[in-house]
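Enquirer: Here's the letter readout for the chains.
Protein chains: 2
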Amino acid sequence: MAASSVPGWKTAVTKALEEYPKSVVIQLASIDATSPVPQVRSHIFREFLTPTSAPSLPLLVTTTDIRTPKISQVISNSHVQVAWWIEGTQEQFRISGLASVIPAAENALHKHFLHNVKHAPSGSALAAFSKEDFDWEGKRMALFKSMSAHMKASWCRPVPGTRLEGGPDEAKKWPERLEEPGDHADDETRKNWETALGNFALLVVDPTEVDFVELGVMPNRRTRFWRSSSGSWDSEAVVP
Amino acid sequence: MAASSVPGWKTAVTKALEEYPKSVVIQLASIDATSPVPQVRSHIFREFLTPTSAPSLPLLVTTTDIRTPKISQVISNSHVQVAWWIEGTQEQFRISGLASVIPAAENALHKHFLHNVKHAPSGSALAAFSKEDFDWEGKRMALFKSMSAHMKASWCRPVPGTRLEGGPDEAKKWPERLEEPGDHADDETRKNWETALGNFALLVVDPTEVDFVELGVMPNRRTRFWRSSSGSWDSEAVVP
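Taken in sequence, the protein lines are chains A and S.
For reference, each letter of the first sequence is one residue, going 15 to 254 in this note's numbering.
For reference, each letter of the second sequence is one residue, going 15 to 254 in this note's numbering.
Since the hints were derived computationally from the structure, they do not count as laboratory data.
A hint or two may mislead.
Same chains, same label: a pair holds when it works inside one copy or across any pair of copies.
[What the hints assert, rightly or not] Derived pair list, reagent style DMTMM-like, types lysine to aspartate or glutamate, alpha-carbon separation capped at 20 Å: (1) K36 x E101; (2) K186 x E250; (3) K132 x D147; (4) K125 x E151.
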């Protein structure tokens with residue numbers, strides 16, 4: 015398949031999402047930073063982000079909190095796999111790839127992202143975006159602003175996964191909603207906005223292989239897709 | 015919590031399943047057998063299997079094909095994690111534990127299961143089952159028989175994930191359904207039954223830690239549970 019073509023797996027995801035737009039819960043697996051133990055959690059798929067010059071290279075975009083354990087996991091080992099089960103169509107996509115975290119430009123971890131961009135493998139989406147001088151901080155800001163007020167507030171809580179020092183009632187003190195501060199906003203809202211925006215990060219997956227299983231058709235079908243170093247995709251039919 | 019008590023996370027799973035009995039799709043993450051790469055795929059949760067003597071130690075039971083890559087993965091590294099998102103209640107369970115594969119008693123891989131049973135950690139479900147001399151082959155047979163005829167037929171296909179040598183049309187030659195052979199069954203049905211039953215395996219997860227997030231309540235709640243070497247569970251409230 016030519017490097018200019020949209021890969022078949024992406025066409026299939028897009029088609030399934032048109033029919034079932036709520037099927038955006040994906041499971042992202044990574045490996046623990048200190049021991050050979052797998053970790054997996056649900057994420058919300060936000061969008062595909064595709065370089066203008068390379069329609070064959072969609073990045074999978076999701077969002078996270080820069081203070082969660084998955085950050086050190088993907089910084090120490092960027093290999094991840096996403097499982098995406100779409101109940102309505104009975105289709106499963108398993109997307110293998112390299113993950114990058116895109117924190118606030120002023121965050122100390124931003125240098126890891128710059129390192130990933132600089133050393134992005136030939137034929138990857140990240141390498142193509144790098145050539146286009148893509149505005150990642152602008153993208154991060156735009157996605158943060160598109161979140162619900164309730165979601166925005168989740169990024170100014172204490173560190174996720176840490177003990178609730180004040181007991182279960184402590185959570186009632188946290189802001190439930192966070193709106194962008196206008197000209198007359200109070201100091202607390204401004205401070206919460208800065209905190210939340212500082213903790214908000216993109217997590218992008220640059221796909222290298224996709225296993226697509228179709229259980230909604232008889233006989234069942236399964237297709238393996240893999241990306242070459244030229245940035246094009248090959249595929250073959252395999253046993254489900 | 016006493017070793018005789020059902021752990022809080024299991025009570026929560028059971029309650030959610032009573033309300034949403036179809037929410038049995040879980041994602042099981044393991045680590046590739048030859049490289050530090052995570053793997054994750056959807057499985058169907060079949061049941062909790064609990065030792066008679068230890069209600070605090072439910073095993074999570076799912077089923078698989080003994081010829082799939084996850085088998086060598088969990089044999090070389092039994093650490094797995096399950097992500098279980100229950101859309102209806104907006105609850106996520108992340109279940110960390112040790113996986114065991116239970117193949118047909120005559121399969122060469124059965125010795126790995128016996129090894130796991132013999133070396134099961136103190137306080138684990140597998141150790142408790144071992145003391146009770148549990149009939150694993152009987153359980154495997156019973157679960158196989160409970161599968162739909164369509165599912166049963168899936169275990170007599172060629173090796174999952176291998177190339178479709180005959181092209182996409184090859185799949186049309188595979189049996190679509192497989193029923194238990196009666197007294198007058200033909201040789202092909204008998205042979206398919208033996209093949210499928212030989213490939214059918216249980217994959218059980220012996221939980222050691224559970225991260226339970228409740229996004230359906232305001233403020234959101236998150237609880238961490240962990241198993242002690244006595245087989246009892248402790249828990250604490252953490253930041254969602």
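Enquirer: Hints first: check each against the structure and report whether it holds.
Expert: We went through each hint and held it up to the structure:
no., hint, result
1, K36 x E101, "both (10 Å within a copy, 11 Å between copies)"
2, K186 x E250, "between (53 Å within a copy, 17 Å between copies)"
3, K132 x D147, "within (12 Å within a copy, 58 Å between copies)"
4, K125 x E151, "within (13 Å within a copy, 54 Å between copies)"
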